[in-house]
Structure formats: C-alpha cells, structure tokens
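Read top to bottom, the protein sequences are chains H and F.
Take the first sequence: its letters are residues 1 to 383, numbered as in the working numbering.
Take the second sequence: its letters are residues 1001 to 1188, numbered as in the working numbering.
Please note that a few of the clues may not be correct.
To be verified - Every beta carbon over 10 Å from chain F, so not counted as near; a handful from chain H, in silico:
1. 155
2. 180
3. 185
Stated by the list, open to error - Stretches of chain F that chain H covers, calculated by requiring three or more beta carbons in the stretch to come under 8 Å of a beta carbon on chain H:
4. 1013-1024
5. 1139-1153
What the hints assert, rightly or not - Partial selection, computed: residues in chain H whose CB lies under 8 Å from chain F:
6. 101
7. 103
8. 106
9. 107
10. 108
11. 117
12. 123
13. 129
14. 286
15. 289
16. 309
17. 359
It is worth saying that the hints were derived from the structure and are not from the lab.
All figures in this text were calculated on a predicted structure; none of them were measured in a lab.
Quick reminder that beta carbons are idealized off the backbone N, C-alpha and C, glycines included.
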Amino acid sequence: MSLRNNIATLVVASALAAPWGGSAQQTPSRAGEPRSSVKVAFPADSPLTVVSADWGESRTSARGGALVLDLQTSLLLRNAGQRHVRGVILLVQAQEVTPGGKASVAAPSLDVKPGETFPIKVDLRLLLPLQAVGAAPVEVALDGVLFDDLTFYGPNRLDSRRLMTAWELEARRDRQHMKGLLAAGGAPALQRALLDSLARQAQRPVMGVQLARGGRATNLPGEREVQFSFLRFPDAPVEPLAGSARLALNEARAPQLDVRNRSGRAIRYLEIGWLLKDRFGREFLAGSVPAKVELAPGASSRILQESSLRFPDRPGQPLVIESMTGFVSHVEFADGAVWIPPRAALADPRLLGALAPSPEEQRLTELYRRKGLQTVVDELKKF
Amino acid sequence: MRHPSEFDLALLAGGELPPWTRWRLTSHLRRCPSCQAAVEGFRQAREWTRTRASQMPAEVSWNRLAIEMKANIRLGLEAGECVGPATVEPVRHPWRVAAALASITVVAFSGWLLQLPAPNLGQAREQAGIVLEATASGIGLKENGRELTLLHQPADQVTLSVGVEGSLRARYVDRETGQVTIHHVFAQ
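Chain H with its partners taken away, still in its complex shape (with noise of 0.2 Å):
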C-alpha cells in the first residue's frame, strides 16, 4: 500500500508549563523555553484520524542536572475507513533523548467499526540533562492497522504488518476455543476456563529483567555453556535441530540455535521462545529468539545472538538459572502468511505454567473478573 509523502501533522505543544524546581529555575536560557512538546504525525490518507489529544496531567520536574517529563498523552482516533480495524501501532520516538532506540505503542484485540472512535494512551516518562531540552522531543506517528480481513496499512517500520497478525489470528483460535466451550458445556465450561486462566496469571512468575545488547569481551564467574531442551509441536513448520547458551547465576547471553525449515514454503521470519528453569524448579519465560532468516524449503539456518538477559534476584530468593527449554512460538512464510502454535500444543504443562496467555485470553479474562461471565458470552457472540 502505498503512502503519500505529505504528512498531515498535528502538532499539539503540551502545556507542560508547570513551575520548575532546584536546578532548573537557574538555567532557562540554557535549557529554553520551561516547556515541552509532542508531535503527532499521521498520514493524509490514514484510515485513523486524530480526533483529539488531551495531556491531562502532564508535568516536568527537576532531578539533580536532569529534566525528567511526564506525558500523559490520551489520543481519540477515528476509523476513517470502511473496514473494522483489529489493532493499531503507534511508533514513539524522542531522538533528542534516545537516538539508538524506539518505542511503540498498541492496541490489539479491537473491534472497531467505521465512524467509531476509540482511545489511545501513551503515557511517558523521559530524562534528559538539562542542557538537552529540545524543542519537541516526542514524535508519535501511525505505524501500522490492522483490519478484519487482515489486511494492513501503515509504513511498517516496526514489522507491525507480522506482530499485529500473529495477535489476530491468536485472538480467533482462542475465541474459537472459548465459543467450542460455551456450544459444548455451556456457560459453566466457560467460567471454568476463565477462572483456570485467571488462577495461571495469577501464578506465572513474573521476573524483572534487564536486556544488554552486544557480545562481552570476559566471561562471567562460573559461567558455563548450557544445551537447549527443546518442546516440538507436531505441525510445527520450523523444526529446532539443537542449541545453546552460557549461563552464570541469574544471567543468559549469547543464545544459539540450529533450525531447519520442514514445511513445503519459504521462510524470512521465526521466533523461539526462551524458557529457563532455576535451581527450585520453576520454570519462567526467559523471552524469545527472533530470526529474520532466508530460509528455503528443506533449508537448514543457525541464529546467533549476542545479548544478555538479567534477571534481578528477589529479596532472600536468589535467582541460579540452571537449564532452558526452546519452542518454536511464531514463523512468519516468504508471503507475509503467520502460523502460531495451535490450541492444543499450548495443553503442554510446562507451556500452560510459564506462557502468558494471548492478548485477547487476557482481555476476555480480565472482562469476566469485572464484569462477569454474561459479559463475556455476550462478546463471544459479538464476531
């Protein structure tokens, strides 16, 4: 699809001109206008308009020599097109603060029809040295939607066109799952599954981590290269040969693995999810190992990457990674078609434990927790 140059661009000044504090009432002329500004960029032929942006709460305060701002940003958006929009990326980025990284924000999971409008909240914070203030620091621009007949518009800088269809079709297989229940048990199989899933979030571990990119020059005390085990799911296109990484206490890095290609398509995309277990049993999702690979029929491909994963021990719980599972959560073929893990492979109790559910489970769940199981039926029967 392709898109006009000419961008419309709405560019709102947020009254960010709440009284600076300490350091930063000596330096106006240093630090410029005691303000801040977004911009928010969306095409002339979106199907997305902005109807409104409101900063509500939005502020800045003073940190020692660094200016930290807090954005509140609630954008209203108006599907402008014929077609019930399914998800939204909004690409975020301050180049002045963060030149070597990006950010987005979604809304998966939607059902939105034409003429209706819906809101969006990007909330931020940035910090930034005094001397850095610029005059617009955030860009929020489109990047990508998503609609119901799973097409897509949008300059796709992210890879929204893949992420977005990868959560559609898990949002189909699990609303089929749930509607099976429903036509099958009734009401209570239903209720039974929603409090099943709400009792697994509500035990799945949740780890902080920290994320280093690029290869370390010293090993670590104690580290040592570990194999990966792996999880196969029958109909899986993507076959995991064998693997590796090195592990030290509550550090991963440099994750390597073997892969071949057993479908009857090309491949340029997959990913591995990443579990570990620790030295107490439990078993948590580490992340996932993506790919872009070239990968042919038949054709076999080795992934390397150079990160590390830290995961941050809790109070009297030191955290000793001790052996790692890998399977296969996600290909995307050489014509931009996406294939998942089936309902039943996730069944594995390892996968039901340490995986959290999709976006549309989690949406339905927390729906019933709220609002109720009628609520839910009700959505269900929606589409």
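Position chain F relative to chain H; hints supplied.
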C-alpha cells in the same frame, strides 16, 4: 598503545572524572575496544550494586543496622540489640555551625560548577550502549543517562516478554478503557 589505569576507567564509568581527563579517556576509548569493555564492566557492576541496593526490603533500616553493628562491635550482641534509633539529645557544639557553613559553601560551589557548559554529549553517546529495562512502573530505554520509559500503572498485572535481538514488551489491560495495551521498546 598506552592504556589508562583501571582506577581512571572506573571513575569514567561512574561519571566522576574532571572534564579534561574525561575527554582524554573518551578519545582513547573510541580506539580501544578492551578499555571500552572494561568501562562497560564497571558500569554493569555499578548497575548491579544499585539494583541490589534498591531491592532491600522496606522494613530494613540501614541507620538502625549501622547503629546495631557499631554497638555489637563495642558492646556485644545483647547490648547491641538494645540500641535503637538515637534517643539521646545531641550535644550542641559551636564547631558544628562552622562545619555547616563550610558544607553550604561546598554545595554552592558545586552548584556553580554544574552550571558550566557540559562536555560534548555526542562523543559519549557513541561509546555507551543502550540498555532496555523493565521496572515496576514501566519499560524503558536508557542511553547515556537519558531515559525514555513507557509507563503503566504499578498495580496493573503486566506481562513482560523480551526479544533477545534487543526489544522488550509489556502487556496489560488498561483499567479505564478495558483495552489490551502493549508497550514495546527497541534498541536499534
């Protein structure tokens, strides 16, 4: 190539070198991968220490622990246990006024120094890596002391996932809208 001392590299990692020495070392680091790695190691050690320190249980009072430890050394364990927060009325000494004035002078001078033009931030930016971090309030990018954090409510049940290519994702259901919201930060 002559390398800087580890002492100087550690000070550089902590941002505690004077401007000229910092400029000299950062110039060296641009050409020297081993010193870059050493500085990164010091930075990580610093982060590690900070993380551990921030995870102390709220009920632990360092001041009380310090008092008890000091008392344990001097008086023995039982006596140390009796020593709680200071309850003795402090004796006032005139020299404290002088010390306070001297401290104020030092703080004022430091403040003036901090207002001097900053060194070229672009140089430092090239050397320091970008770190993605998840905290109780959000997920963020850290780069050269600058941060961009996408915030969620601390009470939200947040699902975190990491892409080891350099991305971090947080998912939660927004309490106001009921929508699933997914935050994502990427290192480029």
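We went through each hint and held it up to the structure:
1. Residue-level check passed: residue 155 (chain H) sits 15 Å from the nearest beta carbon of chain F, beyond 10 Å.
2. Non-interface call for residue 180 (chain H) relative to chain F: holds, since the shortest CB-CB distance, roughly 22 Å, exceeds 10 Å.
3. With a least CB separation of 26 Å from chain F, residue 185 (chain H) remains clear of the 10 Å interface cut-off, as annotated.
4. Requiring three or more residues with a Cβ within less than 8 Å of a Cβ of chain H, the coverage given for the stretch 1013-1024 of chain F is violated, as only 0 such residues are present.
5. Taking a C-beta to C-beta cut-off of 8 Å, the stretch 1139-1153 of chain F contributes 12 residues in contact with chain H, enough for the three needed, and the coverage statement holds.
6. For residue 101 (chain H), the interface hint holds, the least distance from its beta-carbon to any beta-carbon of chain F being 4 Å, beneath 8 Å.
7. Taking 8 Å as the C-beta contact cut-off toward chain F, the hint placing residue 103 (chain H) at the interface holds, the least distance being around 5 Å.
8. At about 4 Å, the closest approach between the beta carbon of residue 106 (chain H) and any beta carbon in chain F falls short of 8 Å, and the interface hint on this residue holds.
9. For residue 107 (chain H), the interface hint holds, the least distance from its beta-carbon to any beta-carbon of chain F being 5 Å, beneath 8 Å.
10. The beta carbon of residue 108 (chain H) is positioned within 8 Å of a beta carbon in chain F (closest approach about 6 Å), and the interface hint is therefore held.
11. Given hint, residue 117 (chain H) at the interface with chain F, is violated; its Cβ is 12 Å from that chain's nearest Cβ, farther than 8 Å.
12. Given hint, residue 123 (chain H) at the interface with chain F, holds; its Cβ is 4 Å from that chain's nearest Cβ, closer than 8 Å.
13. With a least beta-carbon distance of about 7 Å to chain F, the hint placing residue 129 (chain H) at the interface is held under the 8 Å criterion.
14. Interface restraint check: residue 286 (chain H) against chain F, minimum CB-CB distance 7 Å, threshold 8 Å, status holds.
15. Because the closest C-beta pair between residue 289 (chain H) and chain F is about 5 Å apart, less than 8 Å, the hint holds.
16. Because the closest C-beta pair between residue 309 (chain H) and chain F is about 6 Å apart, less than 8 Å, the hint holds.
17. Contact between residue 359 (chain H) and chain F, as hinted, is supported at the beta carbon level, the nearest pair being about 4 Å apart and thus within 8 Å.
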